[in-house]
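Going down the list, the protein sequences come from chains A and B. Numbering follows numbering that gives the first Met the number 0, in which position 214 of the first sequence is assigned residue number 213; successive positions increment by one, without gaps. Numbering follows numbering that gives the first Met the number 0, in which position 370 of the second sequence is assigned residue number 369; successive positions increment by one, without gaps.
Just to be clear, a hint being listed does not mean it is correct.
All copies of an identical chain are treated as equivalent in the list; a pair is satisfied when it fits inside any one copy or across any two copies.
[As the list claims (entries may be wrong)] Distance condition first, Cα-Cα at most 27 Å in a straight line; then the derived DSSO-like pairs of lysine-lysine:
1) K284 x K123
2) K322 x K154
3) K473 x K609
4) K599 x K284
5) K699 x K586
6) K322 x K536
7) K599 x K586
8) K322 x K599
9) K154 x K699
10) K619 x K406
11) K84 x K406
12) K147 x K322
13) K223 x K586
Hints were generated in silico from the structure; no laboratory data involved. Model, not experiment: these values are computed from the prediction.
Number of protein chains: 2
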Amino acid sequence: MHLLALAATAFAVEGMWEPSQLPALAPTLRAAGYLDDPARLGDLGNAPLGAVVSLGGCTASFVSDLGLLVTNHHCGVGMLQRAQKDGESLLESGFYAPTRADERSAGAMRRVWITDGFEDVTRKIRTAADRARDDRQRVDLTDDATRKLVAACEKSGAYRCRVASFYEGERYSLIRQIELRDLRVVMAPPDMVGNYGDEVDNWHWPRHSGDFFFLRAYVGPDGKPAAYSPDNVPYAPRHRLVVATRGISPGSFVMVAGYPGHTERWRAAVEVEHEARLKLPETIKHATGVFDLLTATIEADPAASALVGPSRGSIGNGLFNAKGTLEAFRRGNMVAAARARDAALDSWIAADPARLARYRAPIDALRLAAVEGEEHLRRDSLMDWIARGDLLHAASTMFRWSLEGQKPDARRELGFQERDRDRARARVVELQAGLHLPSERAIFERFLTELLSLPAAERPAELMAWLGAPSGDKLDAVGLAARAASRLYDAPALADADQREAWFGRPEGAFVASADPFISLAVALRPYEAAREERDKTRRGAELRTRPLYAEALRGMDPARTYPDANGTLRVSVGTVQGYSPRDAVKYGSQTTVLGLAEKAGDWPFAAPKPLLDAIAAEKWGPWIDPTLGSVPVNFLSDLDITGGNSGSPVLDGRGRLVGLAFDGNIEGIASDWRFELDKTRCISVDVRYLLWYLDAVQKADGLLLEMGVAPAI
Amino acid sequence: MHLLALAATAFAVEGMWEPSQLPALAPTLRAAGYLDDPARLGDLGNAPLGAVVSLGGCTASFVSDLGLLVTNHHCGVGMLQRAQKDGESLLESGFYAPTRADERSAGAMRRVWITDGFEDVTRKIRTAADRARDDRQRVDLTDDATRKLVAACEKSGAYRCRVASFYEGERYSLIRQIELRDLRVVMAPPDMVGNYGDEVDNWHWPRHSGDFFFLRAYVGPDGKPAAYSPDNVPYAPRHRLVVATRGISPGSFVMVAGYPGHTERWRAAVEVEHEARLKLPETIKHATGVFDLLTATIEADPAASALVGPSRGSIGNGLFNAKGTLEAFRRGNMVAAARARDAALDSWIAADPARLARYRAPIDALRLAAVEGEEHLRRDSLMDWIARGDLLHAASTMFRWSLEGQKPDARRELGFQERDRDRARARVVELQAGLHLPSERAIFERFLTELLSLPAAERPAELMAWLGAPSGDKLDAVGLAARAASRLYDAPALADADQREAWFGRPEGAFVASADPFISLAVALRPYEAAREERDKTRRGAELRTRPLYAEALRGMDPARTYPDANGTLRVSVGTVQGYSPRDAVKYGSQTTVLGLAEKAGDWPFAAPKPLLDAIAAEKWGPWIDPTLGSVPVNFLSDLDITGGNSGSPVLDGRGRLVGLAFDGNIEGIASDWRFELDKTRCISVDVRYLLWYLDAVQKADGLLLEMGVAPAI
């Protein structure tokens, strides 16, 4: 065991690799325990990568020839809410469709994206951008080139395309994806299985979450992507994963394939410092307020939990992340480390006249730009929180569509082209989370009060005019905010989905003339938002010029920096099943078991359902037992490199078979978006044997098992 | 490592052995790693046992030829308070006497007892007791025999003697001890070293406490025990421990020698059940009230912390223990386990007519007696809390002395003979903890209010008369309690130590005639107390008859029960340095380090002093480094069997050398007074290398190191 662990540690490599990089990693992969052909591993036209899809914010993978997808329970919560009928609480009870007829739509805005190919378009984008006369125009030329590439790619109607930037804009890829639009809920365990331990266990180990969820993708009877229809048929994926019923052990080679959203490992020191000094504290302050407010809402009215719970969970998770990251910054002296790295970079640049000429000026500009606008941070973050309210956000989005809709499609802002219309409409009509007006109103009032308490110069004039508020420093912030909240929320017509549906696509004039308070506020705030967008574009234009050079210089100094930041594209990380030492004299093993789950059982959030506890007490493990552990494993740790967007990603063994689903990171590695630490950063996955045992012994979902090619055994 | 750990586990034996049992354990000891002659180990006339002394409630050991003793910091807190001068806060600052002239008296009531010999007196005691005509008289005859044996033993004046009962009264030993009466404080680390982590870490692992404390015992210039005098000289102990500067590692053999006070491993099932159902919940309820009250006192008046802090700590510790024990009872199904054992015992008895004749009736009687008086439990426990107040306790003690003083010495109650007078007087005059009248008053008022709220029949008539309270159910409990508190505490003459000194030894008539409210309350309550004592004696008389037979039957059924419950006499436990698994996927290593200590540092209770943190940052470990760990070890775990009274006990290696000081148990083993579990029960000790490194690198106490025969090295 010790030798294995040492071998594993010696192998471990940080990195979210692009598929195209995998063949070059072949020797490393083979040494680590990958048993198939590494050249094939990078191939999207093959399993396993061909089976790994994006849900937008989460990852899933095909596990049957009939479009069955597996992902995380926490990725499916919103779909479950959407699928639920009056009087049901599917979150609490769980859901299982024994036949396809029982499956329920996950909602019109849900999509599955299957990556079909990459094309390097660096030259096309950067040549266009380099024709710019200034930073501001650089953005327009880049966006124009992007729109043209996307339009050409989507022309046949078979694909959905996007352009992604790698290495801070040093390289661009055009990504071609198949988009499926009819997604249905097949199986969800009860919340107290899928979310066992809730916030008490969130980010923590030892963990015992059954964080899995089954969906099915449907297409039209002609086999082509189509919106929901009862006539649709299951999608036949080109590739699917095989389930590894034998599982993993400590020291096992594992890899994860998925769609990580965003990392910050290429930030300049001044940006790290800005994050630690201003952005994280600001986020923590505001998120704490909202989280406490939503908690109080649920305490006062437990029935609100179904609507408010998911938002609260998501904000709580972000808050915990922000606090943990700030703490990790402090403990890891990350600002100092970033400063030291940048100082080394400066020396490296200064050592060579050619480097000085190429890098000095743009890197200085990048650093200066990082602290620009700091003085408005508070105002802008308060305005962002206000704009996040479901109804104001819907009104602003719809108004923006009316404005962009006046332009030719090829000239519109990214995200407001005809290709985006259906999904944008669905989002506005359905709304992301459940609408709960009392808490939304309270949040609006809270942030507006705070905004009105800023110095007069920081209060957006457009907002003050809409409020009919006096200029000057003295005003009754509390009273004004309460009156505004009353104006908006006393009788909000937009709370009705039909009203929203009707507004979507109306002309600009209808918005401008409207007396609806949300519509009129959205119209009033548009100039403020447009000004911010212009400022952001100028800034982005400068970054399009400076960031690639900063990344190039960093790689020049340190050739070990061999993978780009996460950007929502398909990546693979390789590693080892292993525990870690969180602190002096404590060692975490890499696997938990159903016996540990039962030991934790008690009050919420450990209120394990009786059928689960009964099945554990019966000790019928079937083939899902781990012989070394003596019962069924639940979760496992590995040093795989993941981040938000990887949720639901398949964890694969040395033959590319499914052994688990990644669903969380550990508290000690919570700042891994900024820095990955081999000895501390861990990925938490649910063991596929727990999923199989649960389906077999608790859910008795024989059909689902058979569809995955697994024989029920209990 | 794995093989060693397995070997160790196979060896591990539960048990607090009497020294006389050790030679018989020789094969086990040798196999486990004891390297000296096991026959010698049981010998009080030799090191190491000859160097291990009782402080009454704690254990210490001689570590120099000049009477230097080492024990736990938490055993020394009261002495430190006593030694402190106005304006000093020795608890906070720590204390070090660089020369003997700087050492300070630990207070007149402090004693050191050096065990000099045991004599089996079973026949003498039990023959006397067997002449009793009833259970009540059995107590008197047993006490008479005890007094005679003690008087004969102490006649020469060289010894202090006591009779201890083993195996529930199956066996008695007369124990001869040398008593030293001049004890001085030599060195105490600051509270934030000795008590690092306070209640957050109490009972917890990983731990980083420097729980050590140095005292020196003095005798008269003639070498004989004497009360404090500036002319006294250091005591020259016959035996002292050698310090093992190389320390221990995981898997090492260790043993601990000390004076464990009390365990409950021979209780009948009905007593276990009584504890779980009534006594622990009652303790938790009342201790929670007092703990919260003292916490609020300190929060409102931080200056009160010096006086109230130690009581609060002690009550908090007891409360945590009671809660943890109750929880462990539940988790371990201990009531059910005890019932199963008693059921097996009943079968074993029923299987043989001779057993039936000998055991059936007395064991039935024992079980019946266990639930007697349950209906008065609440009243009696409230009266006990009231009687615990410093001033009322002093008044009652002094009145009792006046009553007992009228009898011939040989007829007085145990504890009220002339041999007990000096120490009793010192306790009353000095008081155990710092006197803090506002909190004492609040506690009195709280419990009196609760007592007065009991049904009328449960309120002691003597107390009601003193209060001038109406009989009958209706009374104003709050108002009455407030008036009584005012009567006692508005101007309490007994708060003055000189007043207490003056009262001690006054005749009964002076007490009866006194108008002092505490004295008059003590006089008023005497009949209530006398009645309880009579009831307890009758009960004890029955137990003197039945308990030895219960123990004998248990041992008959299960010959593996080979050691008696702790009873404050010298015991040895043997075991292994090893960690444990507290829960699924978590493994605790057996050692912590100064690096882990520094990692924890922050706000109180982790406010490590700067000189300590600086010394750690300097990384000068000297010879005190553990080569495997790479820095200085702080605390370690072992499966040694300890309980209250063992605090400060020397932990010894295979050659009997000092490797640590036991100071705590772990939360998972908190019910070990009732049941020892090899896989969960652990003893937490401070590693002697931390002590040495601290003295060397932080305290720069070269003199202290040299006196222990250790060369300073940093």
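Results for each hint:
1. Taking identical chains as interchangeable, the C-alpha atoms of K284 and K123 are never at most 27 Å apart, the minima being 43 Å within one chain and 76 Å between chains.
2. With identical chains, the CA atoms of K322 and K154 are never at most 27 Å apart, being 46 Å at best within one copy and 70 Å at best between copies.
3. Taking the closest pair of Cα atoms, K473 and K609 never come within 27 Å of each other, the shortest separation being 60 Å inside a single copy and 48 Å across copies.
4. For a Cα distance limit of 27 Å, the shortest separation of K599 from K284 across copies, 25 Å, qualifies, whereas the shortest one inside one copy, 32 Å, does not.
5. Taking CA atoms no more than 27 Å apart as the test, K699 paired with K586 passes in neither setting, with 36 Å inside one copy and 34 Å between copies.
6. In this homomeric assembly, K322 and K536 never come within 27 Å of each other (Cα to Cα): the closest approach is 30 Å inside a single copy and 61 Å across copies.
7. With identical chains, the CA atoms of K599 and K586 are at most 27 Å apart both within one copy (19 Å) and between copies (17 Å).
8. Proximity of K322 and K599 under a CA criterion of 27 Å is satisfied in both settings, with 26 Å inside one chain copy and 18 Å between copies.
9. In this assembly of identical chains, the alpha carbons of K154 and K699 never lie at most 27 Å apart, being 46 Å within a copy and 81 Å across copies at closest.
10. Neither within a single protomer nor between protomers do K619 and K406 lie at most 27 Å apart by alpha-carbon distance, with minima of 65 Å and 72 Å respectively.
11. Proximity of K84 and K406 under a CA criterion of 27 Å is satisfied in neither setting, with 40 Å inside one chain copy and 86 Å between copies.
12. Proximity of K147 to K322 under the C-alpha cut-off of 27 Å is found in neither arrangement, the shortest distances being 42 Å within a copy and 70 Å between copies.
13. In this assembly of identical chains, the alpha carbons of K223 and K586 never lie at most 27 Å apart, being 52 Å within a copy and 53 Å across copies at closest.
When the structure is compared with the earlier hints, violations turn up for hints 1, 2, 3, 5, 6, 9, 10, 11, 12, 13 and for no others.
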